[in-house]
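Given the sequences, and given the hints that come with them, work out the whole structure.
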Amino acid sequence: ACGGNPSGNGGAAEGASEVKEEEAPLRKVVLRLKWIHQAQFAGFYAAVEQGYYKEAGLDVEIRPGGADFPAVQMVASGSEDFGVTGADQILLGREKGVPVTALATIYRDTPFVLFALKESGVETLEDLVGKKVGIKLGGNEELTYRAMVESAGIDPSSIEEMPIKYDMSPLLSGQVQAWPGYVINEVLAVEELGHEVNTIVPGDYGINFYADTLFAKQELIENEPELVRSFVQASMKGWEFALDNPEEAAAYGLAYSNNLTLEHEVNMMNASIPMLQPENRPLGKMEANEWESLQASLLELGFLKEAQQVEHVFTNEFIE
Amino acid sequence: MQVHTGEAQEMEVWQQDMAVAPSETREIAVSLVNCSLSFGDVHVLKHVSLDIYENEFVSILGPSGCGKSTLLRLMLELLAPNPGGKVVYAAAKPSIGIVFQKPVLMPWLTARQNIELTLKMGPNKKKLGKQERREKAEASLELVGLQDFTNHYPHQLSGGMQQRISIARALAADPTILLMDEPFGALDEFTREKLNFELLRLWESPTTSLSSVVMVTHSIQESVIMSDRVVMMSPRPAGVEDILTVPLPRPREVGMEELPAFYQTVKELRKRVKHQ
Amino acid sequence: MQVHTGEAQEMEVWQQDMAVAPSETREIAVSLVNCSLSFGDVHVLKHVSLDIYENEFVSILGPSGCGKSTLLRLMLELLAPNPGGKVVYAAAKPSIGIVFQKPVLMPWLTARQNIELTLKMGPNKKKLGKQERREKAEASLELVGLQDFTNHYPHQLSGGMQQRISIARALAADPTILLMDEPFGALDEFTREKLNFELLRLWESPTTSLSSVVMVTHSIQESVIMSDRVVMMSPRPAGVEDILTVPLPRPREVGMEELPAFYQTVKELRKRVKHQ
Amino acid sequence: MSEKWKNSLYPLGFALVFVLLWELAVRALDIPLYLLPAPSSVIAAVDANLGSHMLVTLMEALVGFLIANVLGLLTAIIFVHSKPIEKGAFPLAIALKTTPLVALAPLLVVWMGTGYSSKVVASMLICFFPILVNSVKGLKAIEYEAWELFSTYKGSKWDMFWKLRLPTSLPYVMSALKISSSLAIVGAIVGEFVGANKGLGYVVLISSYHMDTPVMFSAILASAACGLLLFWTIAWIEKKLIFWQRIDEI
Amino acid sequence: MSEKWKNSLYPLGFALVFVLLWELAVRALDIPLYLLPAPSSVIAAVDANLGSHMLVTLMEALVGFLIANVLGLLTAIIFVHSKPIEKGAFPLAIALKTTPLVALAPLLVVWMGTGYSSKVVASMLICFFPILVNSVKGLKAIEYEAWELFSTYKGSKWDMFWKLRLPTSLPYVMSALKISSSLAIVGAIVGEFVGANKGLGYVVLISSYHMDTPVMFSAILASAACGLLLFWTIAWIEKKLIFWQRIDEI
Ligand SMILES: Nc1ncnc2c1ncn2[C@@H]1O[C@H](COP(=O)(O)OP(=O)(O)OP(=O)(O)O)[C@@H](O)[C@H]1O
Ligand SMILES: Nc1ncnc2c1ncn2[C@@H]1O[C@H](COP(=O)(O)OP(=O)(O)OP(=O)(O)O)[C@@H](O)[C@H]1O
Ligand SMILES: Cc1ncc(C[n+]2csc(CCO)c2C)c(N)n1
Ligand SMILES: [Mg+2]
Ligand SMILES: [Mg+2]
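Protein sequences appear in the order of chains A, B, C, D and E.
When we follow our numbering, the leftmost residue of the first sequence carries the number 1, and every step to the right adds one.
When we follow our numbering, the leftmost residue of the second sequence carries the number 321, and every step to the right adds one.
When we follow our numbering, the leftmost residue of the third sequence carries the number 597, and every step to the right adds one.
When we follow our numbering, the leftmost residue of the fourth sequence carries the number 873, and every step to the right adds one.
When we follow our numbering, the leftmost residue of the fifth sequence carries the number 1123, and every step to the right adds one.
Hints are computed from structural coordinates only; laboratory data are not their basis.
All figures in this text were calculated on a predicted structure; none of them were measured in a lab.
Some clues are possibly wrong.
[Stated by the list, open to error] Covered, in the sense of this in silico footprint (three residues per stretch, anywhere, with C-beta under 8 Å from a C-beta of chain D), are these stretches of chain B:
1. 390-398
2. 415-421
3. 508-516
We treat Cβ as the ideally placed atom computed from N, Cα and C, and that holds for glycine.
Listed below in structure tokens is the structure:
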């Protein structure tokens, strides 16, 4: 799927646009992910491949993000229509006058964990006292970590911090004992290298920050609510499909990036399922109290200067 | 030496010549008025006043480092005199040709291209077509005896050859006033003499627009055989020490070095140089 | 001109002189054996063989571009002759001084520092202390009349002054063999004559180690007044056309330009130059 | 002939020794793959795909390189001809340059999208400064006497530029091109880091996320190859262009 | 005096015009803060804290800059004196340079930790190439006749180096220093991007996460100020050092 097509959509998406001649012209829509193509976004791929977007009159192009990718600004600037990012970014953005609103969340339980190699003997946050933890400064990883430490009542200065990026060598080489990452990504990756891993889950400390939320610009929501509704609905339908057919959905991702292996993607998809809370319908629906507690943490840590009106920050109205 | 006539006769000759000095009817081409110049605390020129007439060949003699090159730079208006002095050109500023003391050739151009370079600039630019420039360049290279080296680069040429290119360059541009700073210094006597007379021929020829020539030289003989007047400069801070009119008829010819007027003038100049 | 003796007498003088040519008892300092050299398709030197003796002053005359500088570069071993030729130095290679045709001064060094530069190199390096170097540099600057410009940079000096620094540099290093490429070309007659005799004085003085001097010059008179032998080169491809021994006694003195032997030799040289 | 042979043997020899030492070090010290892969595993990771990514990056870099050098030279020309502009704008240029590209790259993406243009601009930004600095220096490095010659013959600024300043500046300009040839590649890759789905930067990023160090190093290797290619091309042009400097004889 | 005044008035004037245009553009076009903050809001975001971060980055950059230039000059010296080494190792140096620092930076952190050293090395790596290329060029740019003079007087390679090559190379070396002065800052910031808890790179990173573009721009501004500071220092030294070039008279 690489090379040739600069728009970056997969082969299947191209197939879809070929058929559009017969029907009403499809509305072109761009979705910007928060991370590179992988099963983390399988629902969106499924919506493309299963034709859900097309049925809704949409020609969706899915673009990958990456570390430090300014997805919120891309959407806010109007060059792209929808994005996926952390809930914290929505709140921070709103405070800075970036007019975006969350429309749904993918993972109702955060996939974020702190993890350690088993041989380090670290099992809980308390075990980290006197040890060294990797911190991705300025990100929801840092935020979550600090909230966890706060909630556990640990003196933050008792754990040594080392600023790190996505390269996991400091963990593997023992420079740090704990690493922040997604249970469906970094943890899997380290396990696939043959290490056993202990995870420290934020939920155990009463922390659950929405990690991947679907959002759009306020303006789009106000001006074209029907477009937004059909996009959100089709996306969630895609996620439904992914829940029912995890292996098929994971396989769709392979068309978007040729660096993926089916095995890893299937593992990731399967690991994702419980965090989507399939039992809790409708998929993607957000809880006000989760937003409130996120905001409280952000305020507490000084990330936010003033509280935002949570009811403007997110809306569930397009999910049902 | 037997050749010498007595002092008295000599002086007479001089007075006579002084009388035929530039007549007032001749037009002034350039005029240096009370020019002084110093570099930092080195006072180079001091109250230099000098008129160069049209159709005149003037040589400048002076000890090394006295300010001859500086004087030429004043005339080229590359340097400005200290306040109080000025350089005045006749009404319409004529085209000036220059042979610097160094050859000043562009290392990336061949001999011919180096000459064409100045033909493509200033007033010459529009006058000349490509073919004409080429012909002029080749003609003047032939004049200085370098027809076999038209396509050589400066670093492939000897010091004297480089100097000859710079002479050819100055002549090719067909200047009205020609300033030359020791143009023939790096040439053997034979080549030098040949070029001396070639230059005189050009200057005298009505087909060229060459009118006034100012030549800095270190050869007293050359200054005499070539010029109408010889300007002698004093050591730094240099002024015009003396101006001698050469009592030789025009056109100058190859045998004239043997005339009494020639070697008398040379001797007189030599004497004055030693006693200044 | 009345000064000239008849042809017959002239020739006789020559034959006589040829007889007193370098005696076999004198040691050869450098020897060029059958040296040819070409740059691409320009054949510059052709079968040049030339011996320079110890305690000898040799001048080289030749038309511009014939290969005189190239010859000096061969002697300096900066260029190698074509296969078949060689440059041979007497047993122990002596220290060589060089005055290039261009001054070749470092623009970032003052006059004095430019001279001290070569005193800090090669065999001189260990011999001289800082103070000694300074004194030598200042002494040789004084020799060339630049004592007031010891701390000036090259771009603050006139062409002739730069050339004199390069002469001072060559002399300060106290060479055994001195090669000079038109060293006095940029100097006025008076300064030139002064330096001519300064150089001769140094060469003759037993306090310096200066033994052989090879001087390229364009002044026939200078070559005669200075040298024991004058080497005349033919135009490119240059060979040694002729070698003339100068029939003037040592030490040379200022008045000697008036001796018949002087101007006969000059005349003879001039004749040969014109007819080659 | 033998000279030419030698000239290509030396780098090959050095490269070989370097690679061998690296391989041995990795094996002897048992360095884990994710820290530093052995050359053998890097070479194993090279595939046809890499070639196409390399081509993408090379194109972006080349376009950025060309634009930057044209613009940089033009700016230098303006600077050299107008002291007020030089004094006034040079600091802005320096300021612009010191702005870390890596900090600007996300903004570039926001302003220009994730297509070619943001990479080209990234590559451009990084190449601009060397050519500017070296050209300003080179255009001013003219001989004083040559300047006098041109003034005397009433050469226009235009003449002075084309026939004196530009040739004089060539050694400096070529030096700048050599410097920025590799910077151009770096720029394109930095651009790709922020958002791309092809190019070597993309490969480095993806493989780094996937902890696939051999692939990552193969991409690094490919970028080095691009740099060498550009550098040698420029060195070759330089040799033809500045024929009058007898550098190689000394 | 009046010259000096002018010299500082021009850049001030230009900067003022630039800032005014920017401010006006932002206001007139109503560009949102998060896309491009107006200068006024950037200035409002400057605080004492920024100064201390700036100092950190400046120190890292300076140390890297110094080491790189010393090493680069030394390497150039070796290259100039040994053709085999030059031919052999130059390609390696180019390859190293083309390796995008951004790709190497994570490895640096692994090898050297997240302290000062990794930033210093990052800054060093990025500065190394310009000085190498320009020094090699400059050290070879000696006049042929000067080389002949030194050879005749049996100057050692040492003499030739200290008394001829080095002074000749100064214009090139200073040009390289000017180029790499700003690169040094960029390098340090790239190093900080990968892992740091102070320095301008850290500020940029954090403010980018917080979408606090004014703070981000204030950091970028600070880095530009560092660059200018270094550049002007070098330009000043250059003027003293290369006194014999009459550049300013032309
Ligand atoms: N590098 C070179 N490439 C090609 N030809 C050269 C080179 N160097 C010198 N020549 C040629 O060699 C010839 C002799 O040059 P050389 O400098 O020795 O002359 P010269 O006798 O010293 O002349 P002059 O009196 O003018 O200084 C010239 O014709 C010149 O063209
Ligand atoms: N840029 C400068 N700075 C300081 N002094 C200078 C500068 N240029 C020239 N001079 C001084 O001016 C004086 C005259 O120099 P000029 O070149 O005019 O002499 P000249 O008569 O042409 O000598 P020569 O016959 O040796 O060429 C010299 O003493 C020199 O030191
Ligand atoms: C599957 C998966 N998703 C996200 C990240 C890391 N990551 C990328 S962006 C981001 C949020 C930063 O605001 C996080 C946590 C990962 N490593 N793997
Ligand atoms: Mg002069
Ligand atoms: Mg010569």
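Structure-based check of all given hints:
1. Counting residues of the stretch 390-398 of chain B whose CB falls under 8 Å from any CB of chain D gives 3; the rule of at least 3 is met.
2. Given as covered by chain D, the stretch 415-421 of chain B passes the check, having 3 residues with a CB less than 8 Å from a CB of that chain where 3 are the minimum.
3. Given a C-beta distance limit of less than 8 Å, the hint that chain D covers the stretch 508-516 of chain B is violated, as 0 residues qualify and 3 are needed.
Hint violations for this structure: number 3 only, all remaining hints satisfied.
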